[in-house]
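A.B. asks: Sequence:
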Amino acid sequence: RKDNYLVATGTGSGKTESFLYPLIDDILREGDLNTPGVRTILVYPLNSLANDQLQRIAKLLFVDLKDPGITLGRYTGQVSSSASRDEEARKLILNPAFQDDFPGFDDVPENWLLSRAEMRATPPHILITNYAMLEHIMLLPRNRALLTNARLKWLVLDEIHTYAGAQAIEVAFLLRRLKTHLEINKGTLRCVGTSASLDPSRKAELATFASNLF
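The opening position of the sequence shown corresponds to residue 960 in this note's numbering, with each subsequent residue numbered one higher.
Incorrect hints may appear among the rest.
What the hints assert, rightly or not - Derived DEER-like restraints, expressed as beta-carbon distance ranges:
no., residue 1, residue 2, range
1, 1040, 992, 23 to 31 Å
2, 1042, 1022, 31 to 39 Å
3, 970, 1060, 35 to 43 Å
4, 1042, 993, 37 to 45 Å
5, 1160, 991, 36 to 44 Å
Treat the hints as calculated values from the structure; they're not laboratory data. For every residue, glycine included, the Cβ atom is placed at its ideal position computed from N, Cα and C.
Build the full structure now, drawing on both the sequences and the hints.
C.D. replies: Here is the structure:
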């Protein structure tokens, strides 16, 4: 099914897999993986969540799927604007979590983009970010290079319940600006929201909320 959807289910019950597997399948079916350009944007409200998911997605791509050619990058404030790939790679390799998840890897896979410079030069197929940095990408000409040749098909907001009040309004306008900038036609972008804090019995209200937000 090509619907937009919300995932309301408890922690550890498969929220990430519910969008990660179909979006990776879509990217692989579309092919042309030698061409850089953002095809999926995953937006997390906190850097800690973005970091956790980055490691998880990287393990799926580069260990479980044996690196099928999909590129992955995290563009948040935790990646220094001046840091080189080698600097970021050294920090990552020394992390015990990397050693646990990537046994036998002496270096970070090339398709795991680490520095801002390489992400701007060759935008990743899957971009992990937060809404504040997504705004910076839209506003600053230097960062806007990340959206060069974007073929955005998936937009995912994790912890969607955190977008309330004025913040929800700001994010809603940000997403509209993003779609306008990329000239996305109505009905061509799959929008997904996930949360362990939504009440599935209030489906109509949640659908209205998500429609307004996206």
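A.B. asks: Does each hint hold? Answer for all of them.
C.D. replies: Each hint, compared with the structure:
no. : hint                       : verdict
1   : 1040 with 992: 23 to 31 Å  : holds (27 Å)
2   : 1042 with 1022: 31 to 39 Å : violated (24 Å)
3   : 970 with 1060: 35 to 43 Å  : violated (20 Å)
4   : 1042 with 993: 37 to 45 Å  : violated (26 Å)
5   : 1160 with 991: 36 to 44 Å  : holds (43 Å)
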